[in-house]
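Student: Residues per chain, in single letters:
2 protein chains.
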Amino acid sequence: MAPSPRDAAPGLQEQMNEISEAVNKTIMRLLPESDLPEAPLFEAMRYGTLNGGKRLRPFMLMQSAKLFGVDMARARRAAAAVEFVHAYSLVHDDLPAMDNADLRRGKPSTHKAYDEATAILAGDALLTLAFEVLSDVETHEDPRVRVELVNLLAKASGPHGLCGGQMLDLIGEKQEFDLGTISRLQRMKTGKLMAFACEAGAVLGKASEPMRKALCNYAYDLGLAFQVTDDILDVESSPEAMGKDTGKDAQAGKSTFVSTMGKDQARARAQMLVEQSKRHLHIFDNGRADTLKELADYVLQRRA
Amino acid sequence: MAPSPRDAAPGLQEQMNEISEAVNKTIMRLLPESDLPEAPLFEAMRYGTLNGGKRLRPFMLMQSAKLFGVDMARARRAAAAVEFVHAYSLVHDDLPAMDNADLRRGKPSTHKAYDEATAILAGDALLTLAFEVLSDVETHEDPRVRVELVNLLAKASGPHGLCGGQMLDLIGEKQEFDLGTISRLQRMKTGKLMAFACEAGAVLGKASEPMRKALCNYAYDLGLAFQVTDDILDVESSPEAMGKDTGKDAQAGKSTFVSTMGKDQARARAQMLVEQSKRHLHIFDNGRADTLKELADYVLQRRA
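First to last, the protein sequences are chains X and U. Going left to right, the first sequence walks through residues 1 to 304 as the working numbering numbers them. Going left to right, the second sequence walks through residues 1 to 304 as the working numbering numbers them.
Keep in mind the hints are simulated off the structure, nothing from the lab. A couple of the hints might just be wrong.
Copies of the same chain look alike in the list, so a pair counts if it fits in one copy or across any two.
[Stated by the list, open to error] DSSO-like, lysine-lysine: derived pairs with alpha carbons at most 30 Å apart: (1) K112 / K174; (2) K248 / K155; (3) K206 / K278; (4) K278 / K155; (5) K54 / K155; (6) K25 / K155; (7) K206 / K155.
Hey, can you work out the whole structure from these sequences and the hints?
Tutor: See the structure below:
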């Protein structure tokens, strides 16, 4: 079974489902089925994106936009863009030359369902589409907002973000990393895209600099907590519950938070990071940011 | 030996070398060497970009910008961005799962010099960097110009451009294509990025719509002529002269202009397309576009 948002507080759960559905509709509209000869590319793009998934990043983006009264319809395109980048990174990371993962979200990974060439191209095309969607005049956004979103997303995804993080991850198969390097790796691989999601909501809402910063810091701490719990789940959970192979880090000889500090310390660390992430949100009064705080707790408690 | 601009008229040759050098400097500045643990990613990005190459697309961009009096320093960043996208597409196309090419520009292709995972990531990072470079506030361009360039580049590179073209190309290994489909494939795979290069110069120069259109049409015809001559060179030339394996299309069973219409007809077609491409430039008076016309002739006569 594919993992779906669950184990979340009922109110949070409902909001996550709602936003997930809304963003999926936008994604489907942006990835129409095709009867062109190159249709397999479009199918693989849909397959890599619409196969379940918790839609955490779109949720962060939409909730952060909501803090500033941004119209949800406006935020949905940007939310789809961040999910395209996330999906592209999973499609490429799963390739045989990379993490060689046959399962993703409980189903064959994209290169298994199609073939390697199609998966490489579908990833490339999803990444490109993210920039097209953000920059498009159809968004009716101020060009200043559009170009800032593009630039932030590019910085979060490039050699100093996602790509650099994945490179480090691969190097980690042959080399032992200390805690500092593991943290830097995960900040690049997970934190930066989550920070983009939160910051994008603030950019759409023309938020003040301190509020932007607070949301970024929230995302960085939460991203790290997310990764620490991922490492714990990788040793504790089953492929059935996770929807992907487990125990792969140890198998690949990768240094993780768990291998470096042990399970108990890792759990304490995740707890500490979640508390810290929530504290950044104190800048928002009257419980405005309560949903994002609940999301942080959910990340800690999730079982998949 | 890596192919370099040659067989061009002496004046054109000199200008191509000059622009090639200037753009290479910009590329090197945008891809600094790194002493971070993930340095192999940066090295592979440099390797995939700075390994010779004719720099045709940067040349088109710079020449088109020059038509409208755009400062060359301004145009160089955009020229580097289009070359990043071109380089990324070559790095990914050469992968074993795609065209499985061991040689590129007379040297081992990126996945041979590094490894497959690094090549995939270097391609991803180059594509992302192109969007970062175009959108960056450092360009000092009007946000409207920046976001338009990003959107045009994304459209030229995504599922309806480069990625779609490469998908069609792979499908062509298993399926015979008629001339219409081959032309559409090549328009996507080669024409769109060249059209972006020419149009970007016009966007930087805030050119009139008819002039923009003329430059795009020039690029589409020239791109097709380029591809037809490429197909001819693939059957006529040697790996030594081309700096890459030849005869690969026939080996892969791909339908090409040569396999579909024969060498003589293909040659006549290329000639016709080059004449047609030059005619689009009649809108520019006083010989202003003569260099672009000479470039068209060069494409026809090149031997590598």
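Student: With reference to the structure, classify each hint as holding or not holding.
Tutor: Here is what the structure says about each hint:
1. K112 / K174: both (26 Å within a copy, 19 Å between copies)
2. K248 / K155: Result: close within a single copy only, 29 Å intra versus 37 Å inter.
3. K206 / K278: Within one copy, since 22 Å is at most 30 Å while 47 Å is not.
4. K278 / K155: Answer is within: at 25 Å inside a copy they meet the 30 Å cutoff, but 39 Å across does not.
5. K54 / K155: both (24 Å within a copy, 28 Å between copies)
6. K25 / K155: Both ways: K25 and K155 sit 27 Å apart in one copy and 22 Å across, limit 30 Å.
7. K206 / K155: Classified as both; 20 Å inside a copy, 27 Å across copies.
Violated hints are absent here; each numbered hint is respected by the structure.
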